[in-house]
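Kindly produce the complete structure, drawing on both the sequences and the hints.
Protein chains in written order, with the working numbering: chain A, 1 to 357; chain B, 1 to 357; chain C, 1 to 357; chain D, 1 to 357.
These are calculated hints, taken from the structure and not from any lab test. Hints should not be assumed to be uniformly reliable.
Chain copies aren't distinguished; within one or between two, either way the pair holds.
[To be verified] Pairs of lysine-lysine, DSS-like flavour, derived with a Cα cap of 25 angstroms:
1) K271 <-> K59
2) K318 <-> K255
3) K221 <-> K357
4) K6 <-> K352
5) K264 <-> K278
6) K264 <-> K76
Protein chains: 4
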Amino acid sequence: MRRTLKAAILGATGLVGIEYVRMLSQHPYIKPAYLAGKGSVGKAYSEVVRWQTVGQVPKEVADMPVLPTDVNEIKKAGVDIVFSPLPQGAAGPVEEEFAKAGFPVISNSPDHRFDPDVPLMIPEVNGHTASLIDEQKKRRDWSGFIVTTPLCTAQGIAIPLAPIYRDFRVDSVFITTMQSLSGEGYPGVASLDVVDNIKVLGDAYDAKTVKEVTRILSEVKRNVPGTMDELTLSATTHRIATIHGHYEVMYVTFKEDVKVEKVKETLANFKGEPQDMKLPTAPSRPILITELDNRPQPYFDRWAGDVPGMSVVVGRLKQVNNRTVRLVSLIHNTVRGAAGGGILVAEYLIEKGYIPK
Amino acid sequence: MRRTLKAAILGATGLVGIEYVRMLSQHPYIKPAYLAGKGSVGKAYSEVVRWQTVGQVPKEVADMPVLPTDVNEIKKAGVDIVFSPLPQGAAGPVEEEFAKAGFPVISNSPDHRFDPDVPLMIPEVNGHTASLIDEQKKRRDWSGFIVTTPLCTAQGIAIPLAPIYRDFRVDSVFITTMQSLSGEGYPGVASLDVVDNIKVLGDAYDAKTVKEVTRILSEVKRNVPGTMDELTLSATTHRIATIHGHYEVMYVTFKEDVKVEKVKETLANFKGEPQDMKLPTAPSRPILITELDNRPQPYFDRWAGDVPGMSVVVGRLKQVNNRTVRLVSLIHNTVRGAAGGGILVAEYLIEKGYIPK
Amino acid sequence: MRRTLKAAILGATGLVGIEYVRMLSQHPYIKPAYLAGKGSVGKAYSEVVRWQTVGQVPKEVADMPVLPTDVNEIKKAGVDIVFSPLPQGAAGPVEEEFAKAGFPVISNSPDHRFDPDVPLMIPEVNGHTASLIDEQKKRRDWSGFIVTTPLCTAQGIAIPLAPIYRDFRVDSVFITTMQSLSGEGYPGVASLDVVDNIKVLGDAYDAKTVKEVTRILSEVKRNVPGTMDELTLSATTHRIATIHGHYEVMYVTFKEDVKVEKVKETLANFKGEPQDMKLPTAPSRPILITELDNRPQPYFDRWAGDVPGMSVVVGRLKQVNNRTVRLVSLIHNTVRGAAGGGILVAEYLIEKGYIPK
Amino acid sequence: MRRTLKAAILGATGLVGIEYVRMLSQHPYIKPAYLAGKGSVGKAYSEVVRWQTVGQVPKEVADMPVLPTDVNEIKKAGVDIVFSPLPQGAAGPVEEEFAKAGFPVISNSPDHRFDPDVPLMIPEVNGHTASLIDEQKKRRDWSGFIVTTPLCTAQGIAIPLAPIYRDFRVDSVFITTMQSLSGEGYPGVASLDVVDNIKVLGDAYDAKTVKEVTRILSEVKRNVPGTMDELTLSATTHRIATIHGHYEVMYVTFKEDVKVEKVKETLANFKGEPQDMKLPTAPSRPILITELDNRPQPYFDRWAGDVPGMSVVVGRLKQVNNRTVRLVSLIHNTVRGAAGGGILVAEYLIEKGYIPK
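Now the structure itself:
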């Protein structure tokens, strides 16, 4: 029997924090042991949390106190892994401090996503970038390390796009998103921006989405010739009044004729190391294909899969012309796109020996 | 001084009907004279109408009775023009009956949109197809005629696309829509389909949108060589919980390098005959350009322009790569996309002599 | 070990039907054995159902075919209990047919709620009305019988009001509701009625709510003197854009001074026979009290309790004046207010011997 | 011909500020002359404003610069009246400074609402409290003065309640509100609080609503004997996902038998000094009665009346028992409940001589 690892969750009362708490409360070998928060320190978790997800606050954690984000306290608590869904800006220095103090830090925050020695990881897609960890520790003289997961929006694009990019010569991908409110945290999106309206996220958000997808694709091990330079990626991003689930329409044009059936086959068969390793948070299929022409829909598909919320649902696959295929992707942004993705990274790094079993 | 024309509005209590009533109540020479309805015949208009638009029921029509959709009654009432926003299926035979009886029928309904002798008209774009009217009358032996306006969704695409297609060699247009609830009438969209969710309209709606845009573009008088066959059009269509205003993202790829500034210039300068004729419902600019990177938005832009709701707002213009430009269009679906479009057609046909002044 | 009872669920693809399927798939001794539907007969349940609740379609039922609502077929299938959440009008004759054919029919439909020999049952409140079953069977010469559950709206009021009415001399109860969309089924409420709006349900709905609460209270075994005639009940009912959960504000005025603390005590201690019998669908507390002044809220409280969705959450308890107390109740309308209530009735009737174990 | 008065609007880009701008742009003798803002000083009004109301930014003000909230600048600009919809806390000292400097300040902010020498005014209800102005100026040695308008929520209650309280002996009023998002300003209410949910406003908001209504009623000139002490008022307040319009259900119990027809008559006939004076912003009827049992509704009734948004729509009038009447009130919170109410106060004070014509 393997030992149980203790996890600290920073920002444990936030919208990603609660998914960490929910998923780890059911985890076979990683337990939520330290719930760090701000402003509500000392109070019982169940009293202060805004539980905007399925079910109720798990009994195991309901009475746990919210504790300070303090390296020494977390050390004393015997924590093995630190999960950090802290907000941009706040995350960076805190994560460095924990890595320096010897903790493996799994971050869902943007601050270190483009450090060249920090992996930006979707385990099924670019798990092999874990090798950057050695370089990172050496270069920074840290006993711990930081691994990041991509922006939820970028994951909804990258997960289906990675196998396509691996197997076909892609010319351009034109993306339009309808993202959910929880992606911006709480209080986050003003109600007056999305009631009878669309919140247009604008150039900066469009650009960071493309930038993250670009890095991830550049790390895909390809079965076809070609370089990133030959690829055009563009995203037009929005938030609408859905609570969870990012919905993303993609027009993918290839450099040669490609049949939609081939693309569908590639997507349906897509698996990665986490599936081979049978990691507990790895869905048996990272991508589920729907044939219904009115699906995926956020309400009905965000919890899809045998590990609920960890599979991306892809549908509306259509041959647009000889070289273009249209598809739609739906990702549960706070599960696969954040907390679940972070837990999967942790499981993968344990299996690979970067975190001691 | 010109004479005042009397209009009959079929389906006058519906979501498009009310826009006809609102706009014609303020019209300089077309007056709402006969309000036809179903199920509420005999009652006062203001008592039975669900006024889902700006302002209040105009005083001029508040006490008018709802009357039957009856050719003889409408004849007796001395009506000059019939506006028909009747639902699919119901519209076809009724419109034919009115045309046969000598009325000019302006229809917002799909039933006759693809009759080869029936114009599918956006006056700024393909007003010249009015010449089909002569053929129609002769062939069908009608003293009246039918002219249709396109689907609201198709108009939001076609209005900006027409001048682009006129001036540039377009290779493909990939469209994603977020359409408003009023486009489906009342009761229309079930609340459970769009609260915390997206209604995916599916293949049939996608296809009819493309089909209508294709017909309209094929009637554009081009400044560049090329045929329709060389163009790929694809649309992925959705409804979200906005009340009015269709929001449409378009990725336009050209057959050669095109600068976004040139496209912007083309759009900003676009005018048609209705502007030259100074028709009362013609906005001075059919297309308004916004430079803000978080606009257009349905709530804030659907009533834009000097004839409120008659200008399409285009924004998010961006050079994606040398040959591709991204833009977003917002159209008030029940105004420009339906009732306002219909009134503009009427004004145009009056000016052109198809309807006596 | 007790035998497993087979249940037929009529309208199994509807919004209440899916809660029956979800809850019975996890039930210790009642199994969903026959899924009856309309329009989708022969297809796999998971293919046709609109699963507007938590989780995914249970594996046990995913491939079960939707079958016709046919007494003989259901007999052949060896069904022990029939659950009927059929719509008003459709339900009445079908339920009679099944009762006549020997089935215990648990109905969530209004058609038989005011038959004097048909119980209108909330097991914790008026379980003793099960005795009407004998009379019903005799009088109608049926081998089976019908038991109904009240309107979801009425249950959210009656569950907290019953113990108050039992223990105090109530003078009047003035109720204002904000009910969820699922209470009206699918397609149900038009989106244009509730986006940026409130759907006012009107006199008929107000009246039926009061009528049902009145019947239930009249069957409460009282600890205080007084009759129904001395009680004023009034409800003002609405739907708003929430998916599940009816929220109901009540001002309760007594015939003498009553301290809110006493009312709170009565509510918090309320239990009924189902709790004593430890029925599997009986929550340990039918009423949960919240002390937070911004709760209950539909999103966060509708799934409360140890049997999720079966406890009514009561909060905002306040002494308004010496004789008046204000409280707010939140009920999961399709669980406690419909399917869960129906299953609890079945468990109760089994325990009482009306349905053979 | 009367002279035109120049108005400064503080917080002119806010949700109440825009209604001041919209209404004053059409005003016969008060003009928006100085638009004060924060954070956008120097920019054109139309560029920075979020126009969350009907129509477009009026041409007259579109190019006006946003200016600092500076007494000297506003003096130099020759301003006659200052309208202050500033937020709580910020408003108090600024308003005092302007009053001291000689300006009549009409405030929609809470900071001075309970100063005993500051009127809390709804002109139709308690216009006579204008006499406090003399006392205020003397006591504070100010050449200007402050007059406040009540909380929007309180106005929706007080306007119909005032004539009832004037004419009948009221025992208790139990209120439940469903208020719109704009009442909390922008960004204001978090979307995650109201999508598929109700925002419960809690004890503090309930209490301040009651406190304001209580002060206003205490200033009503009564036709019946009795004191405030004999009256119980209670409010349970909420926000839901409507943009404009507060909807308020009231159960009014009297100290003796009262017929609902009498109450209706009182409401329908209610007029005040502003109607007699024919003030431009005074609707001919401050209260409009609807007989439809599914009205009022926010979307359809908030703009009611001959001065759009200035009439409160009252409906659902019902005899609950001999002594109790139920009614529902709908008020446009940013018009009658804020900017429109403020302009009406200004007109009234001009007419009464407190502000020079």
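Going down the list of hints, with the structure as the test:
Taking the closest pair of Cα atoms, K271 and K59 come within 25 angstroms of each other only across two copies (23 angstroms); inside a single copy the shortest separation is 34 angstroms, beyond that limit. Both within a single protomer and between protomers do K318 and K255 lie at most 25 angstroms apart by alpha-carbon distance, with minima of 17 angstroms and 23 angstroms respectively. Taking identical chains as interchangeable, the C-alpha atoms of K221 and K357 are never at most 25 angstroms apart, the minima being 28 angstroms within one chain and 61 angstroms between chains. Taking the closest pair of Cα atoms, K6 and K352 come within 25 angstroms of each other only inside a single copy of the chain (18 angstroms); across copies the shortest separation is 49 angstroms, beyond that limit.
In this assembly of identical chains, K264 and K278 lie within 25 angstroms of each other by CA distance solely inside one copy; the values are 24 angstroms within and 51 angstroms between copies. In this assembly of identical chains, the alpha carbons of K264 and K76 never lie at most 25 angstroms apart, being 50 angstroms within a copy and 43 angstroms across copies at closest.
In this structure, the earlier hints numbered 3, 6 are contradicted, and the remaining ones agree with it.
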